[in-house]
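Student: Sequence:
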Amino acid sequence: MKDKHLLLLNRQLTELDKIGSNLKTKNEYSFGVNAWKSSTISVIERIFGTESRKIAEIEKITLGRSYSMNGPDLYHLETVKETGRSIIEACIAEIEILGVPEQRYDGIEKGINLTVVQSQSNQQKIKIELIVSALREELTGKQLAEIQDILDESADNQSKKIKTIDKLKSFGIDTLSGILSGLLTNPQIWGS
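When the letters of the sequence shown are read in order and numbered with the working numbering, they come out as residues 12 to 203.
Errors might be hidden in some of the hints.
[Said to hold, decoys possible] Simulated crosslink set (EDC-like; lysine to aspartate or glutamate; CA at most 16 Å straight-line):
(1) Lys172 to Asp160
(2) Lys172 to Glu157
(3) Lys13 to Glu107
[Claimed, not checked] Have a look at the derived ranges for each label pair, beta carbon to beta carbon:
(4) Ser188 to Val143: 15 to 21 Å
(5) Ala166 to Ala101: 45 to 51 Å
(6) Pro112 to Leu195: 29 to 35 Å
(7) Glu113 to Asn21: 21 to 27 Å
(8) Leu24 to Glu148: 47 to 53 Å
(9) Glu164 to Arg64: 39 to 45 Å
I should point out that these hints are in silico values taken from the structure, not numbers from a laboratory. C-beta atoms are modelled at their ideal positions from N, C-alpha and C, and glycine is treated no differently.
Whenever a hint applies, use it, and build me the whole structure from the sequences.
Tutor: Here you go:
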């Protein structure tokens with residue numbers, strides 16, 4: 012995957028060098044800068060996520076223009092190329108040194124993210140914001156605190172499980188039904 016990301020970024024460097032030399036865009040004010048910015052933003056979003064500061068840096072790039080009374084106007088293409096090149100080269104260096112960033116699911120659809128890390132301990136992490144959200148909707152602050160106190164105890168997990176079940180039962184069937192229905196009807200669980 013690292014090689015593919017580097018290939019995409021190197022292509023953007025090649026396209027950057029072509030700005031101003033394409034006959035089709037030579038007579039346009041943008042000289043192809045806007046097209047390059049759009050495609051570069053797409054690549055950076057794919058690699059670093061939609062919230063990456065690199066996107067804002069690319070968006071800030073503007074083609075400067077100096078007006079001349081004695082001849083043609085001057086466009087500051089080299090400034091655009093220099094700025095773009097430094098951003099892309101920083102992206103390449105980051106990937107080469109630190110590796111490909113962990114994929115961020117920051118688009119419109121959000122669901123439960125399950126990450127399985129294969130190592131000697133076979134750790135599994137589950138994002139549980141949906142469960143916590145369902146609990147917050149149905150439980151009072153005092154009830155949430157009681158559950159949190161049980162979970163914070165230094166007892167073994169089996170003991171915590173039994174105490175948590177007993178505590179949830181004490182809140183009543185209506186509360187438990189509300190929590191379960193909140194989870195089951197959440198569109199993020201089903202990916203729709």
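Student: Now look at each hint and say whether the structure bears it out.
Tutor: Status of the hints after comparison with the structure:
| no. | hint | result |
| --- | --- | --- |
| 1 | Lys172 to Asp160 | holds (13 Å) |
| 2 | Lys172 to Glu157 | holds (13 Å) |
| 3 | Lys13 to Glu107 | holds (8 Å) |
| 4 | Ser188 to Val143: 15 to 21 Å | holds (18 Å) |
| 5 | Ala166 to Ala101: 45 to 51 Å | holds (49 Å) |
| 6 | Pro112 to Leu195: 29 to 35 Å | holds (34 Å) |
| 7 | Glu113 to Asn21: 21 to 27 Å | holds (22 Å) |
| 8 | Leu24 to Glu148: 47 to 53 Å | holds (49 Å) |
| 9 | Glu164 to Arg64: 39 to 45 Å | holds (41 Å) |
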